[in-house]
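Q: Here is what each chain is made of, one letter per residue.
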Amino acid sequence: AQSVAQPEDQVNVAEGNPLTVKCTYSVSGNPYLFWYVQYPNRGLQFLLKYITGDNLVKGSYGFEAEFNKSQTSFHLKKPSALVSDSALYFCAVRDISDYKLSFGAGTTVTVRA
Amino acid sequence: EPEVTQTPSHQVTQMGQEVILRCVPISNHLYFYWYRQILGQKVEFLVSFYNNEISEKSEIFDDQFSVERPDGSNFTLKIRSTKLEDSAMYFCASSEEAGGDGKLFFGSGTQLSVL
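Chains A and B supply the protein sequences, listed in that same order. So for the first sequence, our numbering puts the first residue at 3; every next one is plus one. So for the second sequence, our numbering puts the first residue at 54; every next one is plus one.
Accuracy of the hints is not assured; some may be wrong.
What the hints assert, rightly or not - Using 25 Å as the maximum straight-line C-alpha spacing, the simulated DSS-like pairs for lysine-lysine come out as follows:
1. K24(A) <-> K79(A)
2. K95(B) <-> K136(B)
3. K95(B) <-> K24(A)
4. K136(B) <-> K79(A)
5. K136(B) <-> K51(A)
6. K60(A) <-> K156(B)
7. K71(A) <-> K156(B)
8. K71(A) <-> K24(A)
It is worth saying that the hints were derived from the structure and are not from the lab.
With the hints as constraints, model all of the structure from the sequences given.
A: Quick look at the structure:
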């Protein structure tokens with residue numbers, strides 16, 4: 003069975019500071035890993051994905067994520083956070099043979115001005 | 054960017070009533086999904102649908118649930134006899150590809166409240 007853990011319910015940072023949202027995963031085979039963001043009253047929006055290749059993947063809005071196989075982690079990062087990055091962030095994993103995504107519980111990011 | 058649209062945005066119903074949640078996936082997508090999120094909990098997979106049949110479903114998706122693509126554009130989730138615990142935000146999603154690295158596009162959700 004595949005699963006994702008997001009250990010932090012909330013992350014608070016000041017604008018201009020680095021932002022990290024943590025994610026660890028468990029999957030039987032090779033993982034396909036995703037980050038989604040949810041703004042108020044909106045659906046989940048795709049940010050980035052890791053399939054294979056370079057462990058550092060870049061996505062929308064200046065976000066990036068680093069795949070670490072030994073630590074089974076896929077942390078989301080942004081070097082300089084903006085107030086507009088305040089949202090709910092979900093990590094998700096899919097096994098290579100599966101249709102469904104398994105989501106983490108989500109991390110609420112608040113960036114203060 | 055193309056969008057998945059869901060209607061209604063909010064649905065209030067009495068326990069035991071039937072509800073139909075509607076979704077219009079992105080037009081060239083072939084794979085369709087329903088997920089739900091109970092307040093304060095994870096986003097949970099319900100069902101995936103391809104080529105007019107269910108390709109995978111979770112334990113949540115019992116006999117009270119059904120999905121249909123009645124007219125080639127809409128994708129519906131029906132709950133036959135709603136229970137209090139069905140109260141949740143229901144998200145529809147679609148993708149061009151199945152599984153693997155296929156990116157899912159989500160609608161903004163239908164908030165279902167069962168009283």
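Q: Would you list, in rising numerical order, the hints stated earlier that this structure does not obey?
A: 4 and 5
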